[in-house]
Amino acid sequence: MSDMKVVADPGTQEIVITRSFDAPRDLVFKAFTDPDAVRQWWGQASSETVVDQLEARPGGRWRFVEREAEGNEYGFHGVYHDLQAPERIVYTFEFEGMPGHVLLETIVFEDQGGRTLMTDSSVFQSVGDRDGMLQSGMESGASESLDRLDAYLAKG
Amino acid sequence: MDSERLDHTFAALADPTRRAILARLMAGAASVTELAEPFEMTLPAVSKHLKVLERAGLITRGREAQWRPCRLEADPLKEVADWVEGYRRFWEESERRYERLDTYLREAQRKGADP
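Respectively, the protein sequence lines represent chains E and L. The first sequence lines up with residues 1 to 156 when you count with my numbering. The second sequence lines up with residues 1 to 115 when you count with my numbering.
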């Protein structure tokens, strides 16, 4: 079990994730800003991540594509607004499958004596967008367990 | 997802007696008398709980026969399950992603330590 915490206060437009990593801050910062590093961990385990663009400077663009084995591709892109190695990254984030829904993400890394505490705050354009992201897995993932609930309830 | 309906469902579920009634109804329809049996409660007290469950759409009362059987209704529980499932997935996907980052960081440190 990790120490990940997710805070999404009701009625706000924000999701804040905190989690610590057993690695020095320089390395964690690099994992977010080096194309070769991003390719190795970003995205779903089941898909390949292609780093199309990663211009790690204020005003620079980034674009990552998740490529599934079956050929489906999901693109994500945005613009870096602030990069202060090794402590802070600010960028916009947009899923190309839902154009126009842009969020602003601020990631702060704190040195904890060899470990690194990450605080990742995402601000959405609306409470609805925020709630939508929190419920993102629902459509596909809920169906299986709901089928089981259906079967169970049908017996009654 | 209808937020007001979720409010009603969660309010109805926020009581151990009502949850016990729902658990009993998972085994099949039952009369008020049958439902009241396990509890040290008067019939009117049990009826009150049933009304809350009925208003929340969690149960329906039959019109047939004198015993008016209570039945479990799946829809509101499905909505609760949907709601919880969404958060669970968000959590799991986030955690899985960071576990991959853990692996990357471990590897990178191991390689960095090699001569």
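Simulated from the structure, these hints should not be mistaken for laboratory data. Idealized CB from N, CA, C, for every residue including glycine. Each hint should be verified, as a subset may be incorrect.
In silico SDA-like links for lysine to any residue, alpha-carbon gap of 20 Å or less [what the hints assert, rightly or not]: (1) E/Lys-30 <-> L/Arg-89; (2) E/Lys-30 <-> L/Arg-63; (3) L/Lys-48 <-> E/Ala-85; (4) L/Lys-111 <-> E/Ala-23; (5) E/Lys-5 <-> L/Lys-111.
Distance ranges between label pairs, derived from CB positions [unchecked claim]: (6) E/Ala-45 <-> L/Arg-61: 45 to 51 Å; (7) E/Gly-11 <-> L/Pro-16: 35 to 41 Å; (8) L/Glu-64 <-> E/Thr-12: 46 to 52 Å; (9) E/Phe-95 <-> L/Glu-54: 37 to 43 Å; (10) L/Ala-20 <-> E/Ser-2: 33 to 39 Å; (11) E/Gln-125 <-> L/Arg-110: 38 to 44 Å; (12) L/Glu-99 <-> E/Arg-57: 25 to 31 Å; (13) L/Ala-20 <-> E/Ala-45: 38 to 44 Å; (14) E/Thr-12 <-> L/Arg-5: 20 to 26 Å; (15) E/Ala-69 <-> L/Ala-23: 39 to 45 Å.
Just pull the numbers of the violated hints for me, sorted ascending. Numbers 1, 2, 3, 5 and 7, in rising order.
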